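Peer 1: Below, each chain spelled out in residue letters.
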Amino acid sequence: MSAMPAVRCTGLSRRFGDTLAVDNLDLEIVQGEIFGLLGPNGAGKTTTIRMITTLLPPPRGTIEVFGADVAARRMAVRRLIGYVPQQLSVEATLTGRENVWLFAKLYDVPRLTRVRRVNEVLAGVGLAEVADRLAKTYSGGMIRRLELAQALVSTPRLLVLDEPTVGLDPVARDDVWERIEQIRADSGMTVLVTTHLMQEADERCDRVALMHRGRIQALGTPAQLRGNLGDGATLDDVFRAYTGDELADTGSIRDVRSARRTARRLS
Amino acid sequence: MTERTIPTNPSPLWLAYTALCRIGAICTVELQKLRHDRTELITRAVQPTLWLLVFGQVFTQIRAIPTGSTPYLDFLAPGILAQSALFIAIFYGIQIIWERDSGMLAKLMVTPTPRVALVAAKAFAAGIRAVVQAIAVMIVAAILGVHLDTAPARLVGTVIALILGSAFFCCLSITIAGLVLSRDRLMGIGQAITMPLFFASNALYPVQLMPGWLQVINRINPLSYEVDALRGLLVNTPAALGFDFLVLVLASAAMISVAAALLPRLTVG
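Chains G and L supply the protein sequences, listed in that same order. Mapped onto the numbering used here, the consecutive letters of the first sequence carry residue numbers 1 to 267. Mapped onto the numbering used here, the consecutive letters of the second sequence carry residue numbers 1001 to 1269.
This is chain G alone, in the form it adopts within the complex:
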């Protein structure tokens, strides 16, 4: 384990109106791992991601990305991050190549290597042949891959993906994941990914954190979390055990508490 974590959050909190979206969160992401932040909608995943990527200032607590404090060195932190938001977001009236070129410019990829780098990442995501077509002619899976290329053109050290496979068909989903794994294998890049698809997390993530109501309820490798619940348990079962049935009777709180104790032991 490397000494400096890729991301370290300490005592992170963020409130929206009356709801505490992120509640005193502590989190460390190891360099080079694929880390999955899991949880139901409204668990605080996206808010956490937004604070890590400098989109939201953390009102309480600190975040360090490769040792750089996010609040104090926003610009330097941005340089280290490649970010793909939840929505499919490219300029539809630009070609694939122009879309990637824009981000090469915005991340100051040097002029001498820019063309080569843009070609490299486009080839890396399998879009070299369609690079000069307008992005509006791309399928959902192609757009997501184009976004990966945009995020990778600056060779970031941390790739942040917010629900990267949402809205994609299973084939495109596998394809996107294979690209992500390939990138990690080639570059040793750290990958932080949110998802609510437990199977995906189970197959693809080195470690996962289960988030619920702004807190991390469980943390470990998918196998560890499953193992705690007994033989034959899936990550889906783990998910249900920790998040509980929101509308169920309060009796289950006790179970959640014991689950939380397990989670603490694990982390």
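Hints should not be assumed to be uniformly reliable.
Unchecked claim - Calculated cross-link-like contacts (lysine to any residue; reagent style SDA-like; alpha-carbon spacing at most 20 angstroms): (1) K136/G - K1033/L; (2) K136/G - D169/G; (3) K136/G - R1035/L; (4) K1033/L - D169/G; (5) K136/G - V1132/L; (6) K1033/L - V1132/L; (7) K1033/L - R1044/L; (8) K136/G - G1103/L; (9) K136/G - G126/G; (10) K1033/L - G126/G; (11) K1033/L - G1145/L; (12) K1033/L - Y138/G; (13) K136/G - Q87/G; (14) K136/G - D1101/L; (15) K1033/L - A172/G; (16) K1033/L - I1094/L; (17) K1033/L - T95/G; (18) K136/G - A1045/L; (19) K136/G - L1031/L; (20) K136/G - I1023/L; (21) K1033/L - A1142/L; (22) K1033/L - A131/G; (23) K136/G - T113/G; (24) K136/G - Q86/G; (25) K136/G - S1102/L; (26) K136/G - Q1032/L; (27) K1033/L - E91/G; (28) K1033/L - A1016/L; (29) K136/G - M1104/L; (30) K136/G - W1098/L; (31) K1033/L - A92/G; (32) K1033/L - D132/G; (33) K136/G - R184/G; (34) K1033/L - T137/G; (35) K136/G - R1038/L; (36) K136/G - R1100/L; (37) K136/G - E1040/L; (38) K1033/L - Y1017/L; (39) K136/G - H1036/L; (40) K136/G - E1030/L.
Hints were generated in silico from the structure; no laboratory data involved. Quick caveat, the model's predicted, so the values are computed rather than measured.
Dock chain L against chain G, hints included.
Peer 2: Okay, now just chain L, sitting in the frame of chain G:
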């Protein structure tokens, strides 16, 4: 071969250089978009053409608006140039909300780009688009017999006036976007302010014809200074060019700062 490193305490010079790079990149993208979708250029030329062709011709005929020795159509043409730039610029606030909803804005804001540079880049991109549109409108005006002075220095001045004016209205629209945060409300407000901005300016008629209260509004309306400059440059009417440009520079700089301060509101929540 590594990327430029970010200094711990970025100097103003470093920030200015970064800002210029970003403005260049985003303006290039704007031109690329225009190149791929030229229909917009044509559809957006329809309205100014109608203003010149119908309103301009009719009011020239009936001589209802005294414009001295300048034919009314000549007087009107710079006003319509400014109007078409205004309509383009006001659209940018809607575009930024669209970019917020599509996730594009978050992606841009995660890049190492100072907020002010991002807004300035949008502002100048609006200017670039307005200039390209202005070329189309000027061609139409020339066909209709408007005597445009196209000395190179005057054209350069025209381009600068259009860019500054568009930058102001683009950032006004981004500011409103940052305040209302919703596309529907912004579209309503956008429509509610563009026509008054246009009518409460000297675009259609000389200031002297306005009632007193309208003259006051005209004086605080940056569109009037844009029109005054364009008119002085293109059809040689007497204009306070120095003062016009001073107002445009100050107004657009102020509006860029305000819009940049409000931009983060769009990615919160």
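Peer 1: Determine which of the earlier numbered hints do not hold for this structure and return their numbers in increasing order.
Peer 2: 4, 5, 10, 11, 15, 18, 20, 21, 23, 28, 33 and 38
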